[in-house]
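Visitor: As a plain string of letters, each chain reads:
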Amino acid sequence: MPLKEELPKEIQQFLFEQGLKDEDIHIALQSDLDEEGKFSPTWLIATKERLLVLKDGSNPKILHSLSLKDYGFFKAEVGIGGGFFAAHSDGKERRLLRFSTATARKFQVAATALVKLAQEGSIPEDILAEEEKRKVCPKCGFPVDPVSGICAHCSPKGAVVRRLLSYIKPYYPTIMILVSLLLLGTAFDVISPLVNRNLIDSALVVRQPTPTDVRLTLLKAYVLLMLGLGIGSMLLNIFQQRINAFLGQTVLYDIRRQLFEHLQFLSVSYYDKRQVGAVMSRVTQDTSSLQEFLGWHIPFLVSQLVLLLGMGVVMISLNWKLALLVLVPTPIVAYLTRTIGRTIHRLFHRVWDRWSKVIAVLNSALSGIRVVKAFAQEEREASRFRQRAYDLTQNTIWAEQLWATYMPPLFFLLGSTPLLIWYFGGKQYILNPNQISFGTLQAFISYTFMILGPIRAVTQVINWLNRALAAAERIFEILDTPPEVLDAEDAIPMPRIQGKVEFRNVTFGYDRFLPVLHNVSFEVQPGEIIGLVGRSGAGKTTIINLICRFYEAQEGQVLIDGVDIRKIKLKDLRSQIAIVPQDAYVFAGTVRENIAYGKPDATLEEIIEAAKAANAHEFIMNLPYGYDTPIGERGVMISGGERQRIAIARAILKDPRILILDEATSLVDTETEKQIQEALDRLMKGRTVFAIAHRLSTLSNAHRLIVIEDGRIAEMGTHKELLKKKGIYYQLVKLQREMSRLVAIGV
Amino acid sequence: MLQSAFERETSQIRVLDPSLVKVSRVEGGALELRYGEEVYYPIRVKRAFPLTNPENYIVLMKENGKQIGMIEDINKIDEESKRTILEELDTVFFVPQIKKIFWVKDRFGSSRWKVETDRGIKEFATGSIHESVKEVEDGHIIITDTEGLQYEIKDINELPPKSRAIILRYV
Numbered sequence: 000m001p002l003k004e005e006l007p008k009e010i011q012q013f014l015f016e017q018g019l020k021d022e023d024i025h026i027a028l029q030s031d032l033d034e035e036g037k038f039s040p041t042w043l044i045a046t047k048e049r050l051l052v053l054k055d056g057s058n059p060k061i062l063h064s065l066s067l068k069d070y071g072f073f074k075a076e077v078g079i080g081g082g083f084f085a086a087h088s089d090g091k092e093r094r095l096l097r098f099s100t101a102t103a104r105k106f107q108v109a110a111t112a113l114v115k116l117a118q119e120g121s122i123p124e125d126i127l128a129e130e131e132k133r134k135v136c137p138k139c140g141f142p143v144d145p146v147s148g149i150c151a152h153c154s155p156k157g158a159v160v161r162r163l164l165s166y167i168k169p170y171y172p173t174i175m176i177l178v179s180l181l182l183l184g185t186a187f188d189v190i191s192p193l194v195n196r197n198l199i200d201s202a203l204v205v206r207q208p209t210p211t212d213v214r215l216t217l218l219k220a221y222v223l224l225m226l227g228l229g230i231g232s233m234l235l236n237i238f239q240q241r242i243n244a245f246l247g248q249t250v251l252y253d254i255r256r257q258l259f260e261h262l263q264f265l266s267v268s269y270y271d272k273r274q275v276g277a278v279m280s281r282v283t284q285d286t287s288s289l290q291e292f293l294g295w296h297i298p299f300l301v302s303q304l305v306l307l308l309g310m311g312v313v314m315i316s317l318n319w320k321l322a323l324l325v326l327v328p329t330p331i332v333a334y335l336t337r338t339i340g341r342t343i344h345r346l347f348h349r350v351w352d353r354w355s356k357v358i359a360v361l362n363s364a365l366s367g368i369r370v371v372k373a374f375a376q377e378e379r380e381a382s383r384f385r386q387r388a389y390d391l392t393q394n395t396i397w398a399e400q401l402w403a404t405y406m407p408p409l410f411f412l413l414g415s416t417p418l419l420i421w422y423f424g425g426k427q428y429i430l431n432p433n434q435i436s437f438g439t440l441q442a443f444i445s446y447t448f449m450i451l452g453p454i455r456a457v458t459q460v461i462n463w464l465n466r467a468l469a470a471a472e473r474i475f476e477i478l479d480t481p482p483e484v485l486d487a488e489d490a491i492p493m494p495r496i497q498g499k500v501e502f503r504n505v506t507f508g509y510d511r512f513l514p515v516l517h518n519v520s521f522e523v524q525p526g527e528i529i530g531l532v533g534r535s536g537a538g539k540t541t542i543i544n545l546i547c548r549f550y551e552a553q554e555g556q557v558l559i560d561g562v563d564i565r566k567i568k569l570k571d572l573r574s575q576i577a578i579v580p581q582d583a584y585v586f587a588g589t590v591r592e593n594i595a596y597g598k599p600d601a602t603l604e605e606i607i608e609a610a611k612a613a614n615a616h617e618f619i620m621n622l623p624y625g626y627d628t629p630i631g632e633r634g635v636m637i638s639g640g641e642r643q644r645i646a647i648a649r650a651i652l653k654d655p656r657i658l659i660l661d662e663a664t665s666l667v668d669t670e671t672e673k674q675i676q677e678a679l680d681r682l683m684k685g686r687t688v689f690a691i692a693h694r695l696s697t698l699s700n701a702h703r704l705i706v707i708e709d710g711r712i713a714e715m716g717t718h719k720e721l722l723k724k725k726g727i728y729y730q731l732v733k734l735q736r737e738m739s740r741l742v743a744i745g746v
Numbered sequence: 000m001l002q003s004a005f006e007r008e009t010s011q012i013r014v015l016d017p018s019l020v021k022v023s024r025v026e027g028g029a030l031e032l033r034y035g036e037e038v039y040y041p042i043r044v045k046r047a048f049p050l051t052n053p054e055n056y057i058v059l060m061k062e063n064g065k066q067i068g069m070i071e072d073i074n075k076i077d078e079e080s081k082r083t084i085l086e087e088l089d090t091v092f093f094v095p096q097i098k099k100i101f102w103v104k105d106r107f108g109s110s111r112w113k114v115e116t117d118r119g120i121k122e123f124a125t126g127s128i129h130e131s132v133k134e135v136e137d138g139h140i141i142i143t144d145t146e147g148l149q150y151e152i153k154d155i156n157e158l159p160p161k162s163r164a165i166i167l168r169y170v
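Quick note, the sequences are listed as chains S and V, same order.
By numbering that gives the first Met the number 0, the letter at position 63 of the first sequence is numbered 62, and the numbering carries on one by one without gaps.
By numbering that gives the first Met the number 0, the letter at position 89 of the second sequence is numbered 88, and the numbering carries on one by one without gaps.
Keep in mind that a hint or two might mislead.
As the list claims (entries may be wrong) - Computed cross-link-like contacts, DSS-like style, restricted to lysine-lysine with a CA-CA straight-line distance of at most 25 Å:
1. V:81 <-> S:37
2. S:570 <-> S:598
3. V:65 <-> S:37
4. V:65 <-> S:733
5. S:134 <-> V:61
6. S:725 <-> V:98
7. S:356 <-> S:372
8. V:121 <-> S:37
9. V:45 <-> S:37
10. S:20 <-> S:37
11. S:138 <-> V:121
12. V:133 <-> S:91
13. S:8 <-> V:45
14. S:132 <-> V:121
15. S:47 <-> S:37
16. V:45 <-> S:74
17. S:54 <-> V:121
18. V:61 <-> S:74
To be verified - Residues from chain S shown here face chain V by an in silico Cβ test under 7 Å; the list is partial:
19. 40
20. 78
21. 80
22. 104
23. 128
24. 132
25. 133
26. 134
27. 137
28. 547
29. 548
30. 639
Derived by calculation from the structure, the hints in this document are not laboratory data.
Owing to the predicted nature of the structure, the values given are computational and were not obtained by experimental measurement.
Beta carbons are placed, not taken as given, at the ideal position from N, Cα and C, and that holds for glycine.
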């Protein structure tokens, strides 16, 4: 993140007068609040030695001036909506400036950077290179896409369009056929009012007396021609739509497949920063809106533009005055339609919003019906529903009445352009029958109706284009994101890990400016069972995440068998680590598929052996289809303890060298826990094990315990050693014993 | 069960005697609490019911989040301490009050706003209006912008007519 923002002229001048040259300034950050909390800029300026806080304005003023080396660390504390930046030394806190959450992030970064600046005289490149998450487009001020940070409106379109076209390149021949069908179909559309005209002029409203049989023959011929055109147009339509469907879906499939494959290989950290829902909508909605655009909007646009062009040429050559009468008022009508449409859309959106509120009450009251009844809150829920439902009713009435009032005039307006043609064209027909025939008049009437299609296309084109290109950009952004955790070029294959795990001065934060682990070091021998103890949020799971290399430490090293984890082939590493998590996940599939997830080629004996070792065989055999019973989503419901044992069987089958038990028994009852513990004891033999447990009794067979507090190792040693030490672990054990005694005597 | 052990440790609520609470801003700008013989520095303050009961149940904590005690009613402590605490709360619970809406521009389900607040004039952007503009109770509205900053309208009926007409389009 760049930490030097552009200073206003007055401030530059002011700093220069203070003897600060631009090249000495390493940090210049603007906060959006002043010391009273008003929206008014305040500046934080830092050189290698000094730190200044300036009040902005035509007359800058120094609020704080301090020497960096007098302070040990800096901290940006963020509350709700705002916070403050302070310098700390020896337990003393010096408030420097206030900010709102809009500018909070850069001060968090600055807190880390300032310490480095004081120590090393410069800010490390990787801090400056840290990606800045923009939420608003600097050009137009509207929000950017939260996943990609791209502004749909302002980003250049050319590159995206070219890249999009590359997806349909393999289908160029098909597209050529499609385009010719479109052109031909449009030609039919333009011609049919002309045939109509000739029919009227030569057979019905004839100017020169013509024998009846000739007129009848002509009538027959023209009707047949119209029939032919109709059938032809229908056939063209069928072919064109079939090709459309094929093309749109094929391209969609290509993009979707590529996207999903890429998503599978992105790092865990990618998913931390984004909501799964948002990423999912990339795969479902964005690809769909692309398909809609490629498959329907483009053909529609092309055909409507060609139609407009064809109609324009025909009309002008028939009668340019009437042509103008058709063409001129239509934009006005289009504009009105759009404006009214927007208002009505807003109202119906509100109706939709009220609907979802009604559904929310319905959902929570019915899903929680037991709670509602247990607390005797039926009447309150009913009154809540009444209120919301009434609100919905009112809004629906309002919206529908508005619709009822606006729509008829609009339709009337749309139907009134032909009146212009009837009047002015009719007048011409009566006064100068030589200039215009009745058939021509009739043709113009048809064209006034036909022009509505192109008008709609023109008003929508910007919208469609923007939406589709935005979707495309968001998809490409994902495809362009490299996985953060990758095999190093000189990655070492490690077919058989011994199981020695070492942390050397590891400092890590999911957000690197908010570290969760501080300088953690320990060494674990192969086959050792380690219990990780500490309150939630202390950093136990983080240690595990680093051992699995879901993340990489920002400082220090994680080593396995003495090799830096970043140098080990990912596939070798992950295939020899197994995790039994607190809430085991089962995939939609059969029991057999779930157990063999990490080893799809396992034999049936192996699967049964694993299930037996996991104490799962018995309950599996009680399921209706044994090992072939579908579980997971839409499958047979199984309990938490059963899921847990399936996860253990999965881990056993994988035969890992390093085993991680993350609260593996915390969600089950005592009887099940015993069964699971038995299974785990079998599983732990001969492997390096890291076990997290809140119930300290489950860690009884651990060789050593590591107590973590606030991201640091507080205590480390055997159960006995730690008890003798009478530190944190001792306190915890004492507390839990008291608790279980209370439980035992039935309090 | 370790969990519950920790909880028990913090579950004893210590309600502070309002006549003993003395909070002041000391050199450097951080807050210091003197409670009888006890002295705490620096302290942090937080509201238990920031939206519905901003003046009651204000928790005083040490810098690491350990609770010192709770003030039941801020009006019962001395004026100087009250002022200091409110000032501090304003820093860490920053919610500008909207006094006037100049305009709202919509585009593809997101919006830009220009408003006048008690903290000055501000332009901001929101995502989908129906997710960003929430009616907490009748006429009481909270708008959340893309940066996570919240703006409050305590009562839409107190807005100037034009501003009210604008906000009524969205709620």
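Visitor: Next step is simple, just say for each hint if it's right about the structure.
Guide: Hint check:
no. : hint            : verdict
1   : V:81 <-> S:37   : holds (21 Å)
2   : S:570 <-> S:598 : holds (13 Å)
3   : V:65 <-> S:37   : violated (31 Å)
4   : V:65 <-> S:733  : holds (22 Å)
5   : S:134 <-> V:61  : violated (33 Å)
6   : S:725 <-> V:98  : violated (59 Å)
7   : S:356 <-> S:372 : holds (22 Å)
8   : V:121 <-> S:37  : holds (10 Å)
9   : V:45 <-> S:37   : holds (21 Å)
10  : S:20 <-> S:37   : violated (30 Å)
11  : S:138 <-> V:121 : holds (17 Å)
12  : V:133 <-> S:91  : violated (41 Å)
13  : S:8 <-> V:45    : violated (40 Å)
14  : S:132 <-> V:121 : holds (21 Å)
15  : S:47 <-> S:37   : violated (30 Å)
16  : V:45 <-> S:74   : holds (18 Å)
17  : S:54 <-> V:121  : holds (18 Å)
18  : V:61 <-> S:74   : holds (15 Å)
19  : 40              : violated (11 Å)
20  : 78              : holds (3 Å)
21  : 80              : holds (4 Å)
22  : 104             : violated (9 Å)
23  : 128             : violated (23 Å)
24  : 132             : violated (11 Å)
25  : 133             : violated (10 Å)
26  : 134             : holds (4 Å)
27  : 137             : violated (11 Å)
28  : 547             : violated (24 Å)
29  : 548             : violated (28 Å)
30  : 639             : violated (18 Å)
Going through the hint list in order, the structure does not satisfy hints 3, 5, 6, 10, 12, 13, 15, 19, 22, 23, 24, 25, 27, 28, 29, 30.
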